[in-house]
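On the provided structure of chain A, position chains B and C as indicated by the hints.
Residue numbers (numbering that gives the first Met the number 0), protein chains in the order written: chain A, 0 to 269; chain B, 0 to 340; chain C, 0 to 281.
Treat the hints as calculated values from the structure; they're not laboratory data.
Every clue listed holds true.
Chain A regions said to be covered by chain C (calculated; three or more residues, Cβ under 8 Å):
no., segment
1, 3 to 12
2, 100 to 112
3, 140 to 154
4, 221 to 234
5, 237 to 246
Derived pair list, reagent style DSS-like, types lysine-lysine, alpha-carbon separation capped at 30 Å:
no., chain 1, residue 1, chain 2, residue 2
6, B, 61, B, 266
7, C, 232, B, 325
8, A, 33, C, 136
9, B, 309, B, 136
10, C, 232, B, 143
11, C, 249, B, 107
12, C, 136, B, 187
13, B, 147, B, 182
14, C, 147, B, 325
15, C, 147, A, 33
16, B, 187, C, 147
17, B, 143, C, 136
18, C, 232, C, 249
19, A, 33, B, 147
20, C, 136, B, 129
21, B, 331, C, 249
22, B, 182, C, 232
23, B, 107, B, 325
24, A, 190, C, 107
25, C, 136, B, 136
26, C, 136, B, 289
All residues carry an ideal CB built from backbone N, CA and C; glycine is no exception.
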Amino acid sequence: MVRLSPPIKWAVRLVVIGYVFLLVGWPLITLVQKAFAGGLDNFQAAFSDPDVTHALLVTIEISIWAVIINTVFGVTMAVLLVRHEFPGRRAVSALIDLPMSVSPVVIGLALLLVYSGRYGWFGPTLEAHGIVVIFNSPGMIMATCFVALPLVVREVVPVLEEVGDDQEQAARSLGANAIQVLRRITMPAIKWAVVYGVVLSLARSLGEFGALKIVSGNLTGLTQTAPLVVEQKYNNFAQGEAYAVSFILVAISVLCILVVSLLRPKESHS
Amino acid sequence: MKRTRVFALTAAACVVPAVLAGCAASNADPSDDSSLSIVGFSVLKTANEPVIAAFGKTAAGKGVTFTTSYGASGDQSRAVAGGLHADEVHLSLSPDVQSLVDAGLVSKNWDQNTTHGILTESEVVFLVRKGNPLGIKSWDDLVKPGVKVITPNPASSGSAKWNILAAWAHAREGAGGSDATAKTFVTKLLHNAVALPGSGSDALASFVAGNGDVLLAYENDSIQAVAAGDDVQYVVPNDTLLIQNPAAITTDAGPKAKDFLDFQLSKAGQTLYAQAGFRPVIGGVTTTVKGANDPSDPFPPVAQQYTIDKDFGGWEQANSEFFDDKTGIITKIISGLNLGS
Amino acid sequence: MSTAVLNQDTRAVGRGRPGVRWTLTPGSGVALGVAMTWFSLLVLIPLAAIVATAGSDGWQGYVDTLTNPQSWAAIWLTVTQSLLVTAVNVVMGTLIAWVLVRDRFWGKRLLDLVIDIPFAMPTIVAGLVLLGLYGPKSPLAINVSNTKASITLALAFVTLPFIVRTVQPVLAELDADVEEAAASLGASQLTILRRVVLPSIIPAVAAGAALSFARAISEYGSLVLLSGLLPYKTEVVSVRVLSFIEGGDKTSAAALATLMLAVALVVIVALDVIQRRMGRRG
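Next up, chain A with everything else stripped away, as it sits in the complex (with noise of 0.2 Å):
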């Protein structure tokens, strides 16, 4: 085990606690003072605005469902590009990141190329059956997912890379088939992987901003979201509740995070 001498873990220590701080730290503590400048007032007034709390739960809906999808193509993927060879694999492991790279305006204009009702490649044929993608919730749910997609990939392939494959030869060996292996073996050691996975992927989906903008048409009670309603409130002189929501989206990620670190067994290094 490393043991850092102390004079250098306290260095450590400092370093990143002084860089959090400054950088997310204290950003955070502005907005919890305007958020809750004057009491509880911007919070009154933002909910009782029907708006702001349709936005919330919409948001809410469609983090879940992003999260939902992610996490199981994430996982498939995962064990598909550590544990197994098809061709194509270096090909697709390197476009699994991609969407991460993609500007939301222009995400927003991939989907509304393929899939608007009036002039998509798809669109059109969709909503003749009665599919409508663009501004309504299953196209809202592709650009969230969209922009959070490598998460969970990402945080299972190098665990599962790291862990080594060896129990699960061992139960291969001794006659278990492959659905065993996956459930007994491959997903206990993947566990914390993919909660992180979930955790971010679910932070990064509450807080979509600008595919969304595009993408769900901003329909006031219908189809706009939390972070959208922050900027309405924001540019309509309406900052203190501009805040509050803000301050509700950040609150719930902390929460899962909080939940995650309690349901984890204490550390039994360090």
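Same frame as chain A, now just chains B and C:
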């Protein structure tokens, strides 16, 4: 992990009906007689709320339900062109409506009414710190060395074009003015820019946060900012450009759309818009406006009023002459600015 | 179906090596098919639409867009800033993950809670708050607004969680046995770090770095207020793309977007190669 998965799945299961309900509502049936879908530019949210409420109290407006969407004018125009259902569009500038005409969603004679299609108006003004420490009064004050200007970038914001064209008009129509002096003037102005944010709202946020000495802004935004208690005040220069926000009814709009537009253009509607800071487009509207320099006389006439039609030959010409992304005069000025040096 | 394909050195099976790779069984084949169909509908086809739109003016349109000096300045700025921030994240992210997994002190849980916040905060609020703290009205008198440093700051903010969260699970999974064995054989702390711990976390760091770079080149929202988006100085590629779209020029917008996709692919592949090289040593 299994626990979280089960929990998430249960939560999702409870939420599916809600999502499906959302699906049903978000694309309102266009043939539903008593629903109207309004797509407008961002600051209209606060302005439209009382108008919609007042319309609901009239005979024509009784029982009409509204779906609204507010955002940057260009984004909204593109959304409608991309299939966002709208009965009425109320945008920042006419080209954003023209692109809908080109897409076949708005009829060619949308602007053949008493106000030529315009629903709300405003002016290009200067927003300065409270007390106006630099004593900024006219356009020429903006190009003095050391004056830090903020204006949204006309390339990424349609409504930013008003600001630049106002500056151009001032220099060209001034004593001894010409296209050449206008070009020099606008170049100097842009050299003084410390930020070129992507939208009017972002520019306002940047200014309020302490950047710059003066913001090229719209009178209605400025009135709202003062009314909201921001530490700013606005100056209406002697000569400036009239901002005209058009509204059009789409080709597949419901029957109530015309009634709503008539209401918006009526004295009642225009009074409500005036209280939000917009200049009335019809005569005979008097009201006090909170946030105006003089609330009881909120919209003093501008001594020398420029308009796009009179001074620039209309938007189509102005757009191609000044803002074409390869040959536009302003595009070339900006790309030659090299503010990094 | 029963022939396993060996991809890596069999001696090192199990320690940071994927070990034996299996060819596809019918079950995993179907899983792959479904996953790839979803991936195509969500990512590949829409991105193909972008590339197709970029090419609709032919080669000349492409070249014109890319040789525009303002666009080129934006590309250069975006890529260099993103690389800089990724380098910062490689160091800081690993240190933070180390502290979170291996250190113990009062308030550590608080540190853990705060890491993901840059994701959850809507970008306009992030920009506003950063502007308030590091802009003209900064309480610390640090004003980076409208400078290149503001871009580094905003990008560091939005990419903070990546490397931290990819390295954390791997560090936690590391078996202490190997380190103890090395220590009992007389290896110094530095040697253990270099030859045991580091190679194990390199893949995770590389994964996080790829994500960090990708996210940085696409960032827009938090930059808007802080950087002023001045052409040639603080204007990033996203703004140029938006300008083209606003001007009705989808082709140029798509051309610029396609170039950035290519840049991202190059960096992602490069990181993958680095990861394989470094992972094989030691």
